[in-house]
Amino acid sequence: MNPQFQLLARPADGSLERILRTVRSRGFEVRDMHVRLDDDGHRYHVRLKVAGSRDPSMLARQLEKLCDVEHLAALHTAGAADEPANAPRMAAG
1104 MNPQFQLLAR
1114 PADGSLERIL
1124 RTVRSRGFEV
1134 RDMHVRLDDD
1144 GHRYHVRLKV
1154 AGSRDPSMLA
1164 RQLEKLCDVE
1174 HLAALHTAGA
1184 ADEPANAPRM
1194 AAG
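If you use the numbering used here, the sequence shown corresponds to residues 1104 to 1196, in order.
If you are wondering where the hints come from, they were derived from the structure by calculation, not from laboratory data.
Here a beta-carbon is modelled for each residue, glycine too, at the ideal position from N, C-alpha and C.
Accuracy of the hints is not assured; some may be wrong.
With a straight-line Cα cutoff of 16 Å, these simulated EDC-like cross-link-like pairs (lysine to aspartate or glutamate) come out [said to hold, decoys possible]:
#, residue 1, residue 2
1, Lys1152, Glu1132
2, Lys1168, Glu1120
3, Lys1152, Asp1135
Computed spacing ranges between beta-carbons, pair by pair [claimed, not checked]:
#, residue 1, residue 2, range
4, Pro1114, Arg1134, 17 to 25 Å
5, Asp1116, Asp1142, 14 to 22 Å
6, Arg1127, Cys1170, 15 to 23 Å
Start from the sequences, fold in the hints, and give me the full structure.
Now the structure itself:
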């Protein structure tokens, strides 16, 4: 199983490290990660693909609890286009 997530996170010191540590400590490994800081420097736009045998909804709940994560959307993994499953589309920049 290779779940994908899309996150908006504040660019605080250590915010990306906290995301990665949460992924690893919940039994997943990062397969692909794209990070971009928006033009005004207020948010990271993170697209994360992970692998693991555990329930990805458990990982999503833990990522949502991180103080720097403002928004999280689980993405479909079966289709060619990665559309958010339960959240509005993030603006491209």
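Results for each hint:
no. : hint                          : result
1   : Lys1152 / Glu1132             : holds (9 Å)
2   : Lys1168 / Glu1120             : holds (15 Å)
3   : Lys1152 / Asp1135             : holds (5 Å)
4   : Pro1114 / Arg1134: 17 to 25 Å : holds (23 Å)
5   : Asp1116 / Asp1142: 14 to 22 Å : holds (21 Å)
6   : Arg1127 / Cys1170: 15 to 23 Å : holds (18 Å)
Checked against the numbered hints listed earlier, the structure breaks none of them; every hint is satisfied.
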